[in-house]
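Colleague: As a plain string of letters, each chain reads:
Number of protein chains: 2
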Amino acid sequence: MAKQKKAPRPKAETPKGFRDYFGAEVTERDEMLRKIAGVYNRYGFDALESSAVETVEALGKFLPDVERPNAGVFAWQEDGEGEKPGDWLALRYDLTAPLARVYAQHRNELPMPYRRFAMGPVWRNEKPGPGRYRQFYQCDADTVGAASVAADAEICSMLSDTLEEVGIARGDYLVRVNNRKVLNGVLETMGLSDEAGADRDAVLRTIDKFDKVGEAGVRELLTTGRLDASGAFIDGVGLSAAQADPVVAFLTSKAGDAAGTLANLRAAVSGSAIGVQGVDELELIAELVAAQGYGPDRIEIDPSVVRGLGYYTGPVFEAELTFEIFDEKGRKRQFGSVAGGGRYDDLVKRFTGQEVPATGVSIGVDRLLAALREKGRLVSAVRGPVVVTVMDRDRMGDYQAMVAELRNAGIRAEVYLGNPKNFGNQLKYADKRQSPVAVIEGGDEKARGIIQIKDLILGAQIAETATLEEWKDRPSQFEVARGDLVAKVREILEGQS
Amino acid sequence: MAKQKKAPRPKAETPKGFRDYFGAEVTERDEMLRKIAGVYNRYGFDALESSAVETVEALGKFLPDVERPNAGVFAWQEDGEGEKPGDWLALRYDLTAPLARVYAQHRNELPMPYRRFAMGPVWRNEKPGPGRYRQFYQCDADTVGAASVAADAEICSMLSDTLEEVGIARGDYLVRVNNRKVLNGVLETMGLSDEAGADRDAVLRTIDKFDKVGEAGVRELLTTGRLDASGAFIDGVGLSAAQADPVVAFLTSKAGDAAGTLANLRAAVSGSAIGVQGVDELELIAELVAAQGYGPDRIEIDPSVVRGLGYYTGPVFEAELTFEIFDEKGRKRQFGSVAGGGRYDDLVKRFTGQEVPATGVSIGVDRLLAALREKGRLVSAVRGPVVVTVMDRDRMGDYQAMVAELRNAGIRAEVYLGNPKNFGNQLKYADKRQSPVAVIEGGDEKARGIIQIKDLILGAQIAETATLEEWKDRPSQFEVARGDLVAKVREILEGQS
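Residue numbers (the numbering used here), protein chains in the order written: chain B, 161 to 657; chain A, 161 to 657.
One chain only, chain B, in its complex shape:
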């Protein structure tokens, strides 16, 4: 028998592009998602948790000839049975493709229209980069089967409520609404209707850059081309300056109020039926949200919203945080978008052949968490535990009784479970746990019926800043009767918060 080779030790590493979340990172996100779910629920949306694994077929990726299906997903092939090859399965890459599958599969049992929300991880098989992970959270709400723009208006007001619920103050955000149909109308008046193909696509792609290059940049790109910041020359679409006018007029048609903006848009699409319909829809959305009490300080018509105009078929919305932050280079800039969505009408057509209207929104969970952190709104519900130290390892029962009392009073508490020999290690442990309070009961204290309670937060402050006088005036360690354990700890915790 060949000598067995000893297997090398495995590497303890997350796969590239994946990460772990610890403590507050988990609970803060859970807390935020729970608040969002509360708002969605109030709007009549039902929770849906679809399987993380879908058939590649249902996800809408098509198998190429090669072994590996679409490179953008994590996919594998099931074992086959006899001659029959196994299905290709994949991790979901978003929450919309699974919604389409779920709706097609269960449409006979689901209410119509179907309002659903979904929260959970999605996976992308992409090259990871700094801050770019291959597993991340999405949080979506969609209404399937409602053709009325009342459904879109509702998504907008829900988005506004959601942002305020999680802690973004009114005035610090804006839900901006545009409509693909208005753009279609503009293109129609330019002679670039659906059939115009390449030119139309080039114009759509150019519009998508409005966010970055602004009005002058879009004008250059639509006509003769543009020298970008890196010095590269980007070819233009080749329109004349006059031909580019309507597009620029559309993008910059925002006026001081909704009425003004709508009038500008009406002028820009005159003669196009689809364009007029788009403006009518925007007008109705503005009316409906106003009827619910949402003014332009929360939701506004803004034709400069271009993100997703190429993908969506009707109203498009984006939630933007308007306060300023400093970017990594120290420059001030607006925080920017944290959610986006719109109307798309081919949700389940792939499965059933039937066109089903749908509209929805997706919140960027990590970006919104970052915004809340920026604003100091992530007051974690979790604080470090009270640590009961172990002075005498034979009296573990006494220490366990103390933590039980504290927990029964609703106070987070633990007994030190490491080797108790070195007391310094116990205090270092309490420090690592960000413990607010330590409890000490040695043999001497036990005999006297008392315990020592250390206020670790105050202790740290004093150690850092206090003068000797202050230090004397503000003791951070208290000797109290054993029976006063819970009362004294509670008093200290209340003083800290």
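By construction, these hints were calculated from the structure, which means they are not laboratory data.
Only a predicted model underlies this, so the values are computations on that prediction, with no experimental measurement involved.
Any given hint might turn out to be false.
Treat identical chains as interchangeable: a pair holds within one or across any two.
Simulated pairs of lysine-lysine, BS3-like, Cα-Cα distance not exceeding 25 Å [to be verified]: (1) K535 with K171; (2) K244 with K287; (3) K489 with K372.
Based on these hints, arrange chain A on the given structure of chain B.
Modeller: Then chain A, alone, in the frame of chain B:
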């Protein structure tokens, strides 16, 4: 160019062995997990959410020569770079293997001991069966780096608190504790120490069947063999009746109280150092939980707990629900186990070579949910929304204003977003949504400044059971002033709950 073949429509189906969760199924589980997280947090455990994807290497599955690694997991190979083949990745199959990887990877930053809890889906590439899914939830708590059985005692009291917190009444459950070391002691007294190999393994495997075959069955299996219920003969281990005695004595050593049980165990392991150590540990656990106020009505020493004795290295615990249910065949039986765990000391050794003690528990999320459903304790926080019907599609703004008022008062409400032409469809929709109340405002009502509010729950009851007299006495539809919308809806909802 060859004519392109039209792709057939994809099937709208979850992959075999996977499922979707709708509405209350999601929120009830979330609510239960949130309560559990609250208890874990109070005990000083920190949340950990590790990546769903691990390297096959880290998971502890070894690549065979063939293409596909271990068949028990869902695995795939990353694209390689140049000559270097890509890593094999896999979905985690439990929450313990990732804990080992996380602890080994981050041990320098983590507190020591490290108490962590984790909740989330895990995936098993197994043949699906009725009620057996390939994706399901686990909910674990573990303490890494604490050798003291105080850590085990703490897990037991935490498990007790957890069950009561989610709604299992005291008296309806029992946390039972055993210890692998005691069994080792028994085997040692029989001459079956670690080196005895095959015989010892056979005895361990037999003990694992004690739950199913009982004392007489174990005795048969340890000696000459047993005819099982299906008529098949199972070979015995081949011990003599006298040799089997100590094992049976161990399994049946439970007495009327902990002192009695411990005395029986001490007799069973006399002369074995490891056995005596095991009994001492059980005694200490009993003392520690008693010091915290947990009596034998909640936590008890029970040597008949055998599940996992083969896997764990020290204390073993199991939470059993003691109330009776009817099984699928109409027979009464105890609900049984909903959680189990124990001490295992080789958690991170694979990665670091260093032995790190660990102890923990895993709650069977689906089984515990089933138990709560059985006990009627899953009072879902989610009820159907108030449905504001659409009588006049041009006045959508009026209806949106109503739902906004209701939501601002914290009441779940939605406007009907389907085609409003057929009013019957709107009521059918409200029915499907399990809506408690419908609101109606036609042109006539609008002119008179009133609205109609229908109590749908009462309406359904009346339709089912009431006599004409009762029907007259208990109207289920009310005409109220438009301004009283919120007050009246709230009154009806309060009457229903």
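Colleague: Now tell me, hint by hint, if it's right for this structure.
Modeller: Hints, one by one, checked against the model:
Taking CA atoms no more than 25 Å apart as the test, K535 paired with K171 passes in neither setting, with 38 Å inside one copy and 46 Å between copies. For the identical chains of this complex, K244 and K287 are inter-copy neighbours only, at 17 Å across copies versus 33 Å inside a copy, given an alpha-carbon limit of 25 Å. Within a single copy, K489 and K372 get their C-alpha atoms as close as 18 Å, which meets the 25 Å cut-off; across copies the closest is 67 Å, which misses it.
Hint 1 from the earlier list is the only one contradicted by this structure; the remaining hints agree with it.
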